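Novice: Here is what each chain is made of, one letter per residue.
Number of protein chains: 2
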Amino acid sequence: MSEPLPHLIEEIIEQSSQDILSNDVTTALAQADDKALALLLESLPIDERLALWETIAAKRKLGVLIEMRSDPREVLIENTDANLWQTFFIDIEAEELLELADSLPSALLEQAYAAMDKVQQAYFAQANEYTEEQIGHWGTHEFLSLPINAKVRDGLRLIRREMPRHCDLIFLTNRSGQFSEAVPIALLHAQPEHVPLVDIALDDINTIMDTESCLIASKQVQLSGFGALPIVDENQKLIGRLDVTTAAELSFEEYERQLMAGAGMDEDEDLFSPVRKSSQNRAIWLGINLLTAFLASAFIGMFEATLQQVVALAVLMPVVASMGGIAGSQTLTLIIRGLALNQVTPANVGALLGKELKVGGLNGVIWAIVIGAVAVAWFGDPMLGVVIGLAILLNIIAAATAGIFVPVLLDKLKIDPALSGSVILTTVTDIVGFVAFLGLGTLFLL
Amino acid sequence: MSEPLPHLIEEIIEQSSQDILSNDVTTALAQADDKALALLLESLPIDERLALWETIAAKRKLGVLIEMRSDPREVLIENTDANLWQTFFIDIEAEELLELADSLPSALLEQAYAAMDKVQQAYFAQANEYTEEQIGHWGTHEFLSLPINAKVRDGLRLIRREMPRHCDLIFLTNRSGQFSEAVPIALLHAQPEHVPLVDIALDDINTIMDTESCLIASKQVQLSGFGALPIVDENQKLIGRLDVTTAAELSFEEYERQLMAGAGMDEDEDLFSPVRKSSQNRAIWLGINLLTAFLASAFIGMFEATLQQVVALAVLMPVVASMGGIAGSQTLTLIIRGLALNQVTPANVGALLGKELKVGGLNGVIWAIVIGAVAVAWFGDPMLGVVIGLAILLNIIAAATAGIFVPVLLDKLKIDPALSGSVILTTVTDIVGFVAFLGLGTLFLL
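So the protein lines, in turn, are chains X and A. Following our numbering, the numbering of the first sequence begins with 4 at its first residue and continues without gaps. Following our numbering, the numbering of the second sequence begins with 4 at its first residue and continues without gaps.
Next up, chain X with everything else stripped away, as it sits in the complex (with noise of 0.2 angstroms):
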């Protein structure tokens, strides 16, 4: 069972500077299936991590290294006796090494390759045929395929030589091996063995296009009640077929990216790195950070005579640019859902931007209200209180119609916007709230 182990995190901090385990840990890590040492390797410091590693039988380091992320992985391959690999490559399989050739060197990459069967160079130089955003690459080949002409009494010999796990159907195929159509398992049983399997062949069964994303590919397994969905090519070639544990991995890397990318890092993301390798990671996003805050900097050096001569534009100002900011990640975050579901089409965005100007228009209105009856009250200046109201209505309107635009345009030029969404619309905000702000202030304030 696929426990995180989270109690051993503890007791193995402990006896690691002791360097022995106790009975119990040791047990316990026995007993722990590989996803479960995965995520507590994970969780460890690199020093607990490296000696944890040193107690792992050697014959079950693969399994783990599989199921790990690529940087807390990347470390412990580091460290690995060079020797062990060869025992390790026996038995390797494509997918496996599919797994882990983003982290392995490119000695061991060819080494482990080498120690691959042909059916297995194949699989694995067909899979590379794709990008790993495409479903091609992940595909596996444990399937159950039988010719088109074949009958009940094949498919039932079939099922009684081998079962992949998550395989409620036959495939048929034809001679040029193209998917033609699927038989359930469950029907087997309750027929004459002479009756052709094309007689109770399902004919509305989805196949996954070989180049869709991985994601789309998922979601289609995963919701259409089959245990596992047949890949197929241009030609509707039978290339392999996805399950529901793979779909299920491959969604949450996703979400993982999606929740990873929001704050400019990336799903492998160790979180015990090596202090370098972390600040590099993390600086980029705080030097694109960086050049949008000196922007808006920019902006408000425009008005320094302004602030100047009403200070209390310098203490409110944090409030227009948050308002903005928060008004428009609520309709952001909207639309990228709306984005990710295929709801939000160059049709209905109009009709979304109409709405969401109203809602903005209505909140707006409410805010300036609220907004500009504390700004009086706080400096005493009914005119103070007319214009932080007026740039906050014009910022939260601004925020609802780059909340719409910017992910929109980005998914049009193929760019995340879960990833660069967010700091485009908070420039956007701040930009628009510092400007209306101050330009309203040196209007009506002077």
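Since the hints were made in silico from the structure, they are not lab data. A hint or two may mislead.
It does not matter which identical chain is used: a pair holds within one copy or between any two.
Claimed, not checked - As a list, the in silico DSS-like pairs of lysine-lysine whose alpha-carbon atoms are at most 27 angstroms apart:
hint, residue 1, residue 2
1, Lys415, Lys38
2, Lys280, Lys222
3, Lys280, Lys240
4, Lys417, Lys121
5, Lys154, Lys417
6, Lys38, Lys222
7, Lys64, Lys222
8, Lys361, Lys280
9, Lys222, Lys240
Note that the structure is predicted; figures quoted are calculated from it, not measured.
Given chain X, work out where chain A should sit, using these hints.
Specialist: Chain A only, in chain X's frame:
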């Protein structure tokens, strides 16, 4: 197949003004499954959504409603002819009613409940003993089970009669209905008929506790390699099962919830919700944000005299606050993911803090130098460079600390860090940034 039919959105919007849909569109709609129609309805502005709803056959409407999110669904429920419900509810099952329960007015809920037979009513009542966050609420009752003394022949007879989706196991229960073991259906075919099922049962199948959270239970099923796992109560009584499709749906909902929570919305938010409702939904979040923004302003207000004399401080203020916010959100995101995977525990928080402080220190020094240099070049005042550099360094270190402690404390208090973590964090980094920058400015620049 559940395509979202995005290409239809435009045609429907155009054609619905003419009160008649073209044959092409009607055919496409008839062929689409319930999920696809649900996504399509959600993608349409209210008027077009209601117009399309009218054209959908009465016998499909319940199925489509079940697939929709609550908010867009409620719009349709309010606009559905009261007489139709009687027909909708004829064959309704407990699981369907559970999906709808939140959106139905209580009179309709009672009507639906009364229309179900005793068995379904009992399932409905059992599910409602759990909260929506507990997996017991969502377990299904379509599974295969046999008494513990059953033989292979009984198993074969059972699967010839019925075969629920994602069913690769037969559950064995004792006389009190307690779950005992599970038999892989694939093994039945290769066994003599008189073999007792217990002889070929798995001894390490995982059960799911009825009170387990939906997210953890779903992950357990999705990574188990089985099509479904049994759900048991505290007495080990078999109360249902969770299959991979239901698990995938629960996971999607949880992802959406997290994504939307980051902007203070919930996953049921309608793309085209009525303006007043939408404004209300978002107002709370804007209000909370406003309080934190005014709090930051209050701290700035303490330095009015300084700002009046050194206006450059007002110009550069946003840079200090925003660098802290970004650095903090990176740590926060990493910790939120770690908490979700049970990888962050009291045992390694100390080590994580140490690492993040080092990363923050290194990045802080680098960016302090960069930003200090820009400030000197811009305003020609070396002391200003020192002041902003120190403020940046302090704020990035504060951000790393808050990025760890805010989510860990929220998690301990059972508050979702994905919802409120970022607001609290940026409040901290805003205040620390402004106070450090303006405070140091007061000390060194006046």
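Novice: Going through the earlier hints one by one, which of them does the structure break, listed in rising order?
Specialist: 2, 3, 4, 5
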